[in-house]
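*Asks:* Protein sequences, first through last, are from chains A and B.
Take the first sequence: its position 13, counted from the start at 1, is 16 in our numbering, and no numbers get skipped.
Take the second sequence: its position 67, counted from the start at 1, is 84 in our numbering, and no numbers get skipped.
Rather than coming from a laboratory, the hints here were simulated on the basis of the structure.
All C-beta atoms in this analysis are idealised placements derived from N, C-alpha and C, irrespective of residue type, glycine included.
Mixed in with the good hints, there may be bad ones.
Between beta-carbon pairs, the in silico distance windows are [stated by the list, open to error]:
| id | chain 1 | residue 1 | chain 2 | residue 2 | range |
| --- | --- | --- | --- | --- | --- |
| 1 | B | L101 | A | A5 | 27 to 33 Å |
| 2 | A | K16 | B | D98 | 43 to 49 Å |
| 3 | A | N80 | B | E69 | 19 to 25 Å |
| 4 | A | T23 | B | D98 | 43 to 49 Å |
| 5 | A | R12 | B | E69 | 33 to 39 Å |
| 6 | A | L86 | B | K72 | 41 to 47 Å |
According to the in silico footprint, chain A covers these stretches of chain B (three or more CB under 8 Å from chain A) [stated by the list, open to error]:
| id | segment |
| --- | --- |
| 7 | 64-73 |
| 8 | 119-132 |
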Amino acid sequence: KAGVTQTPRYLIKTRGQQVTLSCSPISGHRSVSWYQQTPGQGLQFLFEYFSETQRNKGNFPGRFSGRQFSNSRSEMNVSTLELGDSALYLCASSLGWARPYGEQFFGPGTRLTVL
Amino acid sequence: AQTVTQSQPEMSVQEAETVTLSCTYDTSESDYYLFWYKQPPSRQMILVIRQEAYKQQNATENRFSVNFQKAAKSFSLKISDSQLGDAAMYFCAYRSNFGNEKLTFGTGTRLTIIP
Chain A
4 KAGVTQTPRY LIKTRGQQVT LSCSPISGHR SVSWYQQTPG QGLQFLFEYF
54 SETQRNKGNF PGRFSGRQFS NSRSEMNVST LELGDSALYL CASSLGWARP
104 YGEQFFGPGT RLTVL
Chain B
18 AQTVTQSQPE MSVQEAETVT LSCTYDTSES DYYLFWYKQP PSRQMILVIR
68 QEAYKQQNAT ENRFSVNFQK AAKSFSLKIS DSQLGDAAMY FCAYRSNFGN
118 EKLTFGTGTR LTIIP
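Kindly generate the complete structure, drawing on both the sequences and the hints.
*Replies:* Here is the structure:
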């Protein structure tokens with residue numbers, strides 16, 4: 004079974020630009036979550052999508068948005084990039100049920116650098 | 018809101034020895050999961066072990082075991098017979114059982130294995 008894939012793996016942008024990151028979950032998984040990882044703030048939850056609906060959202064400004072398609076693939080978008088948005092963005096997929104518990108599998112991440 | 022605290026930023030252990038990583042958490046919920054994730058230098062996050070709060074028995078996965086103290090809100094990870102491949106960042110994480118997949122992570126412990 005193929006794992007979670009994220010594209011692109013590396014990205015360099017300049018301040019003010021926007022960026023779109025993509026995540027393809029494991030086949031059959033309906034939940035996709037996004038996390039931002041930085042040395043200063045650690046791992047922070049951005050949002051979770053389940054069956055094309057945003058089910059939960061973290062404390063990030065409105066510049067961060069996401070969506071999920073009918074095939075469960077998800078994209079996240081960051082508009083008007085700031086230097087502080089430089090981070091590793093991880094996505095995780097799972098079946099999405101509370102019980103029985105379904106393990107969350109993480110992708111390799113997208114390293115975003117904002118200059 | 019839930020919080021997860023890892024008070025040991027770095028730990029080291031001799032190969033073949035045993036090491037314990039500490040984690041405490043705060044929540045008002047009674048039904049939740051706790052996890053330990055491993056993030057090797059390649060950055061792919063991997064689930065090491067999980068514990069359901071309503072299970073009193075401590076989880077064990079081969080050389081990895083936990084000491085779950087629900088009343089004290091403590092969740093430590095013990096690695097026995099440490100191997101070079103265990104070198105990584107270890108994150109403790111919390112997940113509520115109320116309808117979404119959001120993980121709240123601790124700040125991580127960097128584990129070094131000394132040959």
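*Asks:* Can you give the numbers of the hints that this structure goes against, from lowest to highest?
*Replies:* Violated: hint 3 alone.
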